[in-house]
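S.K.: What follows is each chain in one-letter form.
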Amino acid sequence: MIPAAHIGHYLVWVLYALPVLIVVAGIVYSTRAGRRREGEDGS
Amino acid sequence: MTLLPLAHALSAREDLPVPAWLFAWAASIVLIVSFFALAVGWRRPRFERARWRPLGAGLARAAVSAPVQVGCGLAGVFLLGVAVYAGLRGTEAPDRNFALTFLFVTVWLGFPVLSALLGDLFRPFNPWRTIGRAAGAGFRAIAGQRPAHLAYPQRLGRWPAAVGLVAFVWLEVVYGTSGGVSVGLDPQAAATAALVYSAYTLAMMALFGTEEWCERGEVFSVYFGMFGRLGIFAVEDGRLGRRRPLAGAGSWAAIPGSLAVVVASIGTTSFDGASEGAFASPIEWLAERLLDAGLGVDTAVRLADTVFIALCCAGVALVYLLGVRGMRTVPGAPSLAKLRQGFAHTLIPIALAYLVAHYFSLFVFQEQAQFTYLLSDPLGTGTTDLFGTASSGVDYTLLSANAIWYVQVGTLIVGHVLGLTLAHDRALAYWPDYRDATRSQYWMLAVMVAFTCFGLYLLSVANA
Numbered sequence: 001m002i003p004a005a006h007i008g009h010y011l012v013w014v015l016y017a018l019p020v021l022i023v024v025a026g027i028v029y030s031t032r033a034g035r036r037r038e039g040e041d042g043s
Numbered sequence: 001m002t003l004l005p006l007a008h009a010l011s012a013r014e015d016l017p018v019p020a021w022l023f024a025w026a027a028s029i030v031l032i033v034s035f036f037a038l039a040v041g042w043r044r045p046r047f048e049r050a051r052w053r054p055l056g057a058g059l060a061r062a063a064v065s066a067p068v069q070v071g072c073g074l075a076g077v078f079l080l081g082v083a084v085y086a087g088l089r090g091t092e093a094p095d096r097n098f099a100l101t102f103l104f105v106t107v108w109l110g111f112p113v114l115s116a117l118l119g120d121l122f123r124p125f126n127p128w129r130t131i132g133r134a135a136g137a138g139f140r141a142i143a144g145q146r147p148a149h150l151a152y153p154q155r156l157g158r159w160p161a162a163v164g165l166v167a168f169v170w171l172e173v174v175y176g177t178s179g180g181v182s183v184g185l186d187p188q189a190a191a192t193a194a195l196v197y198s199a200y201t202l203a204m205m206a207l208f209g210t211e212e213w214c215e216r217g218e219v220f221s222v223y224f225g226m227f228g229r230l231g232i233f234a235v236e237d238g239r240l241g242r243r244r245p246l247a248g249a250g251s252w253a254a255i256p257g258s259l260a261v262v263v264a265s266i267g268t269t270s271f272d273g274a275s276e277g278a279f280a281s282p283i284e285w286l287a288e289r290l291l292d293a294g295l296g297v298d299t300a301v302r303l304a305d306t307v308f309i310a311l312c313c314a315g316v317a318l319v320y321l322l323g324v325r326g327m328r329t330v331p332g333a334p335s336l337a338k339l340r341q342g343f344a345h346t347l348i349p350i351a352l353a354y355l356v357a358h359y360f361s362l363f364v365f366q367e368q369a370q371f372t373y374l375l376s377d378p379l380g381t382g383t384t385d386l387f388g389t390a391s392s393g394v395d396y397t398l399l400s401a402n403a404i405w406y407v408q409v410g411t412l413i414v415g416h417v418l419g420l421t422l423a424h425d426r427a428l429a430y431w432p433d434y435r436d437a438t439r440s441q442y443w444m445l446a447v448m449v450a451f452t453c454f455g456l457y458l459l460s461v462a463n464a
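Chains A and B, in that order, are what the protein sequence lines are. Residues in the first sequence are numbered from 1 upward in steps of one, following the working numbering. Residues in the second sequence are numbered from 1 upward in steps of one, following the working numbering.
For reference, chain B alone in the conformation it holds in the complex:
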């Protein structure tokens, strides 16, 4: 049986023309050159206003019309139902069961990339939002009034989503791979978790309202919506329109807890990359100490992993906060709180770059399975062949290890240059003198170089 590698690149890199660390140096030079190019050629803010423009009336209306919205929502509910059913009733082999690849690869990795290009695509397909809206409409029809909701505590902001994001990744990479078992989560556990999460989400929607909870607390809406702010399409006042790429990101972090969401995204991806590479020895050391202290094997490994997930998130937050504190030393700087919130969106392209770089090979290989044998035989029992592709396999020669490495390096560089661009643009809005704005961004340059080198280090160790 082939085991589903839920985390990392599948094969070792061949000999590169230069040592891997030189790529980090080259990436740093690209960032420094980009920084000075921005300083010279970008002297007024361009992203502070999204400049949304509606698309042609027919298309704009059709895309957000009720039949299309209902159809997308029902498709989301149906696919969630298939994944849960496959998880509960299908084979225990993770590579043959539709549930794991669909939830942890197709949805978890596919929506961020599509959303970053096109806008918030998850919103119409969100199965919980569809059920919540349908329940609200049913209540209105029966009771003749809108359902009464509690006021959402504004100070909580997006913190529930940040905690949920860490919990989701923890389920995948800590709970699922503990005890030295490399098969990841078993499908039944994934399906059970999906049911528990569904019950929790629908309860929160009943308490605080569907749209309010989707905006702040629903993990997947917040997470995919964050990447959607980079995309070029957005719905405003019920109409579909177009905006500049990246321009929607500027206002994303206005809600408390947004910084925690993007930090959690980078931190958890870093942990996943480091847990079998750079951090493997320290994690093992801590797990052994916990074993010596009398904990069971599973508990010790899971606890050690949990400590390192927390350390990764804290490390990412610390680097960002050091950059913000550095900016505060430049004359004319706004308050620390304003800087901390005002530059949080500049980490979104980095979160995306980390995600793509880390999971690129997994996505390419597992999507072959998703759209062939997993689609034809979702339960993996060998008894169905819905589309005649149940006997297909995954072509692992589709990408060479070196090609994967070059994509990883390129993705990290592009993501950090975009982060630098967003930061430079925001600085121009905060400092009236563009020279002060540029000086403030020395610190963000250091942050971006740090994240780039750290990301490449993790990948180089994981792929070695």
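If we strip away everything but chain A, and leave its shape as in the complex, we get:
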């Protein structure tokens, strides 16, 4: 069992994963926005 006092130590990897998640979220947003624009131009 992970001692509660050390939980921050074990979860530090989340801080390293955040930049990746932010970039991926940016890509998904930008791709959806692009598709929406293309759809509006086509209609």
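Please keep in mind that the hints were generated in silico from the structure rather than gathered at the bench. Even for Gly, the Cβ is constructed at its ideal location relative to N, Cα and C. A couple of the hints might just be wrong.
Said to hold, decoys possible - If you anchor each label on the Cβ, the simulated ranges turn out as follows: (1) A:A17 x B:P256: 31 to 39 Å; (2) A:D41 x B:W42: 22 to 30 Å; (3) A:L11 x B:L117: 37 to 45 Å; (4) A:A17 x B:V407: 23 to 31 Å; (5) A:I27 x B:Y200: 27 to 35 Å; (6) A:G34 x B:A429: 21 to 29 Å.
Given the coordinates of chain A, assemble chain B onto it according to the supplied hints.
M.R.: Chain B only, in chain A's frame:
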């Protein structure tokens, strides 16, 4: 006795001005800024043609002349012989025996860095190529004809080298450190492995031809040659010439299995970094389960390590393939197979960055030993002092732990920016519209940010 730490940084980091994870954020920002700078200022491919230019006639000819080639080859054979002899006949203490530091530090870490700067330096020094060529020349002289070889199965490509690369690292970090012993491989095992590998390599050269096997199957030729594609010198048509840095990398992955080689390089280095840090607990957990299942201690630890090496390689491949799949969604994208092969070379600078970042301190410290007491007393028996340096030691104060950390961070950032640059350049060649090319590279940006943050996480845990 001081034990040879074959894997990691030697001392804990002192207090940094900001938390280590903030370096990952800063590195990500550098990558994002670099990405947009490339999008704005780099609008036509520059690396698709290597633009090789011969050096001045005298120097170009002298560097690749027969006497120089023979001299380099003989030096390679001699040094391999010294390492094997030292391993078999020298002390069992890994830090006092020439064999381990020479094979696993000087050669394994030195050639990638030198090759990435200067070109494929290992080729002239390759001891097996030298023996293979000499045997071929002897056969021609006696039989009056060229030796007949089997046709190499093209679909196999560089897969034998990829498997051999994993096996080499496995020997070093799994077989050598199993059972909780931190001394690494014992010198005799390293020498025996070198002899077995030599016999295997020479047999393959006899079957398929020396140059063919060096290009595709010989682990060290393929591995060092991969980094050599980043360097500025290359031999073409028997002449030495110069090309743009990085420009030789574009055509490297055309042979099947090349992606496996570069993925294996990043995956195995990641495992080495994680095995005593981030993955230490899961590996221990799995080893305990295997022990409970009735396996012996050594077998359980080695099997657990082997599973995690495989997971590391699979994880690296998965991240890359997700990036490639993302690129495929951009209009005008080539086939998935073409994208997968076409961007594999962009991982070469990352493989180098991982290698340098992970082993930088080990290299700096162990090379002091290599060029002092190990050179003077290769067997480590205390009975010889060839150059009067047998009593020298390693100065562990040469680098502070923080200096090592800054070098690691800097190396990872530079490596990933170079990877991003290669990917951007290749995208411009695949998509006629530079805006589509830039959109396709959003995905490679995510791949590069992922590898940078993962690398820094591994280092931060290992050094903590």
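S.K.: Next, verify each hint and record whether it holds.
M.R.: Checked hints:
1. One distance hint, 31 to 39 Å for the beta-carbon pair A17 of chain A and P256 of chain B, holds here, with the actual separation near 33 Å.
2. Look at D41 of chain A against W42 of chain B: about 28 Å separates their beta carbons, and that is inside 22 to 30 Å.
3. Between L11 of chain A and L117 of chain B the C-beta distance comes to about 40 Å, which sits within the given range of 37 to 45 Å.
4. A hinted range of 23 to 31 Å holds for the C-beta pair A17 of chain A and V407 of chain B, which are about 24 Å apart.
5. Checked against the hint of 27 to 35 Å, the C-beta distance between I27 of chain A and Y200 of chain B comes to roughly 45 Å, which is inconsistent with it.
6. A C-beta distance of roughly 22 Å is found between G34 of chain A and A429 of chain B, which places it inside the suggested range of 21 to 29 Å.
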